[in-house]
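Peer 1: Starting from the structure of chain S, add chain L where the hints point.
Residue numbers (this note's numbering), protein chains in the order written: chain S, 51 to 302; chain L, 51 to 302.
Misleading hints may appear alongside valid ones.
Any copy, or any two copies together, can satisfy a pair, since identical chains are not distinguished.
To be verified - No farther apart than 20 Å at their CA atoms in a straight line, the calculated lysine to aspartate or glutamate pairs in the DMTMM-like style are these:
#1 K251 - D235
#2 K133 - E286
#3 K280 - E202
#4 K251 - D166
#5 K266 - D119
#6 K133 - D166
#7 K195 - E245
#8 K131 - D272
I should point out that these hints are in silico values taken from the structure, not numbers from a laboratory.
Given the structure is predicted, the values throughout are model-derived calculations rather than measurements.
There are 2 protein chains.
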Amino acid sequence: MKIALLGSGNVATHLGKALQLAGHHVIQVWSRTEEHSKRLGEILSISYTSDLSLLSGEADLYILSVTDDYIIDIASKFPFKQKLLVHTSGSSSLDIRGISGVFYPIQTFSRQKEVDFSNIPIAIEGKDESVADLLSNLALSITTKVIRLNSEQRKALHVAAVFACNFSNHLYAVADSILRNQNLDFDLIVPLVAETTEKIKSNPPASVQTGPAIRKDQITLDSHLQFLEKHSELKELYKLLSQSIINFERKA
Amino acid sequence: MKIALLGSGNVATHLGKALQLAGHHVIQVWSRTEEHSKRLGEILSISYTSDLSLLSGEADLYILSVTDDYIIDIASKFPFKQKLLVHTSGSSSLDIRGISGVFYPIQTFSRQKEVDFSNIPIAIEGKDESVADLLSNLALSITTKVIRLNSEQRKALHVAAVFACNFSNHLYAVADSILRNQNLDFDLIVPLVAETTEKIKSNPPASVQTGPAIRKDQITLDSHLQFLEKHSELKELYKLLSQSIINFERKA
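So that you can see chain S by itself, here it is in the shape it has in the complex (with noise of 0.2 Å):
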């Protein structure tokens, strides 16, 4: 299939390798700026340009890898109305003027760090099903793992990873700053963090529950809440976790 990609950032990066080790033909890459297309034109060595209009009319799809905000500007500016255009967002909507379907790849990727796709779930989703059927096949040939979800399924998909890795983080970058107050290094509790994400691809996560609130430990809570008096919105976040570990537990 010949492709062309509109964007040239880590997914648009990733995604490019990965079609071209695949066998797909990657005809041109372009990007808002000259500077991008060249460095993704020149890895995939390919052709670039940062000028909508100087796009090749010759590709059968053309994948467009922004962020959210100018997804609905660059396809409203697409300028092939017959040909196949599908973004890579989670979150953005199918029903953008311009924009056929959804090619998502449930992944965070780094520029640095090489990605193996094969692993990687792909989230399809169609205007119609040629559309889907054509996205699901382009899918197959670079990982094993492909969905076909509707809009609602791709919006609960993404809400759950904002909450498993977003928020996680965030929880680590809490944990990290407790740790610092008292000279503490972040790296005492990474094999604890392996180990509990280790634990999760096994068990389901509820059942793996561990902590003080899980075992109504009103000790220690009480001691932790303490420990967090002058840190008003850590205090509130310990809180309403703990109490929803507890109302999780009720609710199974």
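Peer 2: Below, chain L without anything else, positioned relative to chain S:
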């Protein structure tokens, strides 16, 4: 060193194995429950008892690994007032009658899963220097990461661990419930969770924060809160965590 174990749970089991592996003479295990003391006694091929009055007086060190609620009770009944008794708890005080020190492996243990102690940090606290020295040397015989703490630091460490591990695990449980509501499998986001925790092994957590809150992407934040409309507790958590991410960035 001759060591006796008081307790037969996951900490006592894994610690007992690690101490034997390091060549220490683990001479006896005591547990309130005869069956449990027998189980661990057989695993370690050593004598066992559920009767404190049958505890051997021959050990140089008695390691008390029971749930926090029982530490005070058992320490008060410990029959050898001249002998060293230490507990392994992250949250219990050093100021407990009968307790001379703390030997706290900073890890969560499961019965089924074998553990490589050499990567597990052990936090040491002693009533005096000689106890701290003895415990540090013992710790260094089973791990490369030993840290001496005071009680305030140990509390900080425990609170940090609650945020980074117990609360993160709860957020995984929340994500799991959101996904299940839409007939989606938690496995879909496990690679994302793994990558999130991989990043913090080499970066300060706050520096790799991603998601709508740190981007101040109000459209996505609103749409997620709308999605959580019927789940007031989760909505509250989402709001508080998002606000905390934004506040943290301001302070940084």
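Peer 1: If a hint holds in the structure, say so; if it doesn't, say that too.
Peer 2: Now for the hints, and whether the structure bears them out:
In this homomeric assembly, K251 and D235 come within 20 Å of each other (Cα to Cα) only across copies, at 12 Å, whereas the closest approach inside a single copy is 27 Å. Taking CA atoms no more than 20 Å apart as the test, K133 paired with E286 passes in neither setting, with 51 Å inside one copy and 43 Å between copies. In the homo-oligomer, the alpha carbons of K280 and E202 lie at most 20 Å apart only across protomers (15 Å), although the nearest pairing inside one protomer, at 41 Å, exceeds that limit. When the C-alpha separation of K251 and D166 is checked against a cutoff of 20 Å, the pair qualifies both within a copy, at 18 Å, and between copies, at 19 Å.
Taking CA atoms no more than 20 Å apart as the test, K266 paired with D119 passes between copies only; the shortest distance there is 11 Å, against 44 Å inside one copy. In this assembly of identical chains, the alpha carbons of K133 and D166 never lie at most 20 Å apart, being 29 Å within a copy and 55 Å across copies at closest. Taking the shortest alpha-carbon separations for K195 and E245, only the inter-copy value of 17 Å comes in at or below 20 Å, while the best intra-copy value is 25 Å. Within a single copy, K131 and D272 get their C-alpha atoms no closer than 62 Å, and across copies no closer than 31 Å, so neither meets the 20 Å cut-off.
Taken one by one, the earlier hints fail for this structure at numbers 2, 6 and 8, listed in ascending order.
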